[in-house]
Amino acid sequence: MADNERKVTMKYVIAVIQPDRLDAVMSLLEQKEIHLVTVTSVMGRGRQKGIAEVYRSHKEAGNLLRKVKLEIAVNDDFVQPTTDAIIEGARTGKVGDGKIFVLDLKECIRVRTGETGGEAIG
Amino acid sequence: MSTRRVSMLAVAILVSLMAGFMPIHQDAFADDAIASAAGSAKVAATSPSTPKVDTGDTAWVLTSSALVLMMTIPALALFYGGLVRRKNVLSILMQCFMITCLISIQWLLFGYSLSFGPDIKGLIGNLSWAGLHGVGAVPNSDYAATIPHLAFMIFQAMFAIITPALIIGAFAERMRFIPFCAFTLLWATLIYDPVCHWVWGVGGFLRNMGALDFAGGTVVHINAGMAALAAALVLGRRAGYPKFVSPPHNLPFAVIGAGLLWFGWFGFNGGSALGANGLAAFAFVSTHMAAAAAGLTWAVMDLVFNKRPTVLGTISGGVAGLVSITPASGFVTPMGGLGIGIGAGIVCYLSVAFAKTKLGYDDTLDAFGVHGVGGIWGALATGLWATKSVNPAGADGLLYGNPALLWIQLKTVLIVMAFSFVGSFALLKLVDKVAGLRVSELDERIGLDLTQHRESGYTVID
Numbered sequence: 001m002a003d004n005e006r007k008v009t010m011k012y013v014i015a016v017i018q019p020d021r022l023d024a025v026m027s028l029l030e031q032k033e034i035h036l037v038t039v040t041s042v043m044g045r046g047r048q049k050g051i052a053e054v055y056r057s058h059k060e061a062g063n064l065l066r067k068v069k070l071e072i073a074v075n076d077d078f079v080q081p082t083t084d085a086i087i088e089g090a091r092t093g094k095v096g097d098g099k100i101f102v103l104d105l106k107e108c109i110r111v112r113t114g115e116t117g118g119e120a121i122g
Numbered sequence: 001m002s003t004r005r006v007s008m009l010a011v012a013i014l015v016s017l018m019a020g021f022m023p024i025h026q027d028a029f030a031d032d033a034i035a036s037a038a039g040s041a042k043v044a045a046t047s048p049s050t051p052k053v054d055t056g057d058t059a060w061v062l063t064s065s066a067l068v069l070m071m072t073i074p075a076l077a078l079f080y081g082g083l084v085r086r087k088n089v090l091s092i093l094m095q096c097f098m099i100t101c102l103i104s105i106q107w108l109l110f111g112y113s114l115s116f117g118p119d120i121k122g123l124i125g126n127l128s129w130a131g132l133h134g135v136g137a138v139p140n141s142d143y144a145a146t147i148p149h150l151a152f153m154i155f156q157a158m159f160a161i162i163t164p165a166l167i168i169g170a171f172a173e174r175m176r177f178i179p180f181c182a183f184t185l186l187w188a189t190l191i192y193d194p195v196c197h198w199v200w201g202v203g204g205f206l207r208n209m210g211a212l213d214f215a216g217g218t219v220v221h222i223n224a225g226m227a228a229l230a231a232a233l234v235l236g237r238r239a240g241y242p243k244f245v246s247p248p249h250n251l252p253f254a255v256i257g258a259g260l261l262w263f264g265w266f267g268f269n270g271g272s273a274l275g276a277n278g279l280a281a282f283a284f285v286s287t288h289m290a291a292a293a294a295g296l297t298w299a300v301m302d303l304v305f306n307k308r309p310t311v312l313g314t315i316s317g318g319v320a321g322l323v324s325i326t327p328a329s330g331f332v333t334p335m336g337g338l339g340i341g342i343g344a345g346i347v348c349y350l351s352v353a354f355a356k357t358k359l360g361y362d363d364t365l366d367a368f369g370v371h372g373v374g375g376i377w378g379a380l381a382t383g384l385w386a387t388k389s390v391n392p393a394g395a396d397g398l399l400y401g402n403p404a405l406l407w408i409q410l411k412t413v414l415i416v417m418a419f420s421f422v423g424s425f426a427l428l429k430l431v432d433k434v435a436g437l438r439v440s441e442l443d444e445r446i447g448l449d450l451t452q453h454r455e456s457g458y459t460v461i462d
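Those protein sequences? They're chains A and B, same order as listed.
The opening position of the first sequence corresponds to residue 1 in this note's numbering, with each subsequent residue numbered one higher.
The opening position of the second sequence corresponds to residue 1 in this note's numbering, with each subsequent residue numbered one higher.
None of these hints come from the bench; they were simulated from the model.
A hint or two may mislead.
[What the hints assert, rightly or not] Listed below are the simulated DSSO-like cross-link pairs for lysine-lysine, each with C-alpha atoms no more than 30 Å apart in a straight line: (1) 94/A / 49/A; (2) 121/B / 429/B; (3) 106/A / 49/A; (4) 32/A / 106/A; (5) 99/A / 49/A; (6) 99/A / 11/A; (7) 307/B / 94/A; (8) 49/A / 243/B; (9) 49/A / 52/B; (10) 49/A / 121/B; (11) 32/A / 94/A; (12) 243/B / 69/A; (13) 69/A / 94/A; (14) 52/B / 388/B; (15) 69/A / 49/A.
Note that the structure is a prediction, hence the values are computed from the model and not measured.
Extracted from the complex, chain A is given alone in its bound form (with noise of 0.2 Å):
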């Protein structure tokens, strides 16, 4: 029974958005309480049709566009206050808003003190 209670599940939330929603999703994650991110600048495409960009005499297809990958690991309990303000920083109701992955997080550990599971999350 104590084993079972002190195991807290987590979750890894993979949120890809636009990069100009990065601002307003990050002031939404602070308020409630989610501080531990990263933040990488990636290149994709949903079902929105990239730029065609054009060099001289080469002509792009128009494939992958910019766009702004946040990882947050978290306990179950904080997955929809994420989510939440993930959505609802970044949603302007257009095409290529982004999507949400929450994948299953096996084992978390804070480097510096050896920490693991739900203790190392935050």
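Please build the complex by placing chain B on the supplied structure of chain A, with the hints as guidance.
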């Protein structure tokens, strides 16, 4: 022959050349001390009395020499460098820098003598000026009577440097470095120096025929352009061309490069007047107007064919205009420059956007499309717009009632095109056989910076 052996051989040749010329080099200084008074016989074709050095002319030509050097490093380096993939940016910069080093020395040791030295049968100069023997402070009145001979020499050196650098655009992203150095030295000696002599050297047969080339339309641009075409054909297409080719990795670099090219071109064309005078002003102005007209024209053509004017297009247009006005700059009016610029924008655009795609060759950075085609247009346009009212030492063109000049220009263009293409093709095949020109498929995928130089242009993490 392995790369190591080729480079050892190259070093051995270079060292022995330098050692061999040392004694003559010392003589040159001793001679010049008494040359002005005695009129040394070693300095061919100077007048008996000492020509007077004009300070304004000398200042302008030396300044122009520096401007033209800047056109290679860093203008052309940045222009081309910004257009290739990130993994190859250093290879472009290195090729430009190394050409500067190599050709400067080649020019000193024997290149200048072969190009401008005492004539042999209208085809080449002799080696009496090797090591710049006899080339000193005293002006050479055949070439530039009011500036030190050395000033004329160093001005021309910068042209000899930038011409092979233009060819880089054709084989970018796939040429091995040491064979590139070997090819460049051979090309400079066997292609550039002869053509330079034919068009500008005293006794050169094209010069005697009446060909007009103010600052290097044939000698520099057509010459390099045809070599570029040959290189594109000999080296072959890049992997993945034309379907999977990356766009320019740093267009801001390319814009900076183009701006510096435009700035430096005032030295290229203006300095070719070899004097601080009205002719230099004419050359300066027509150069500027041609660049402006061509840039605008290309932007308009982009608007027509691609629905939007592009940065790359506008700067390419500017460069095309500068290329085209080069042979004409000291012979045409500013309005003539305008016409030549507009023509350059149209002709080079069509060459790059349509002809290249249709014909399928991989002239990576449009060295032939802009310099070759632009040079041909410019040389012929000189035959249209040249007027003696701008330069009495020139001739009138077709639009001023003299069709003969156009015919001379056409002959000149065809001769230089043929010689440069065939000669470059042969040299490339030779170096390919001895040392191998193209990088391996794996090296091409990894990138030249890492494989040829073990360096990275941009660190990713710190």
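**Message:** With the threshold set at 30 Å, check whether the alpha-carbon distance from residue 52/B to residue 388/B stays at or below it.
**Reply:** holds, 26 Å
**Request:** For the pair supplied as a hint, residue 99/A and residue 49/A, confirm whether the alpha-carbon distance does not exceed 30 Å.
**Result:** Given pair residue 99/A, residue 49/A holds - Cα atoms ~16 Å apart, limit 30 Å.
**Asked** Straight-line Cα separation of residue 307/B and residue 94/A no greater than 30 Å?
**Response** holds, 25 Å
**Message:** Given the hinted pair residue 106/A and residue 49/A, is their Cα-Cα distance within 30 Å?
**Reply:** violated, 35 Å
**Hinted pair residue 49/A and residue 52/B, Cα distance within 30 Å** = violated, 70 Å
**Message:** What's the verdict on residue 49/A and residue 243/B, does the C-alpha distance respect the 30 Å limit or exceed it?
**Reply:** holds, 19 Å
**Message:** residue 99/A and residue 11/A were given as a pair; does the straight-line alpha-carbon distance stay at or below 30 Å?
**Reply:** holds, 16 Å
**Asked** Quick one, are residue 69/A and residue 94/A close enough, alpha carbons at most 30 Å?
**Response** holds, 18 Å
**Restraint status (C-alpha distance of residue 94/A to residue 49/A at most 30 Å)** = holds, 13 Å
**Message:** Hinted pair, alpha-carbon criterion (30 Å max): residue 49/A, residue 121/B. Please report holds or violated.
**Reply:** Violated - the C-alpha atoms of residue 121/B and residue 49/A are around 65 Å apart, more than 30 Å.
**Request:** Given the hint that residue 32/A pairs with residue 94/A, test it: the Cα-Cα distance must not exceed 30 Å.
**Result:** With Cα atoms ~25 Å apart, residue 32/A and residue 94/A stay inside 30 Å; holds.
**Asked** When you check the alpha-carbon spacing of residue 32/A and residue 106/A, does it fall within 30 Å?
**Response** holds, 24 Å
Checked against the numbered hints given earlier, this structure breaks hints 3, 9, 10; the rest are met.
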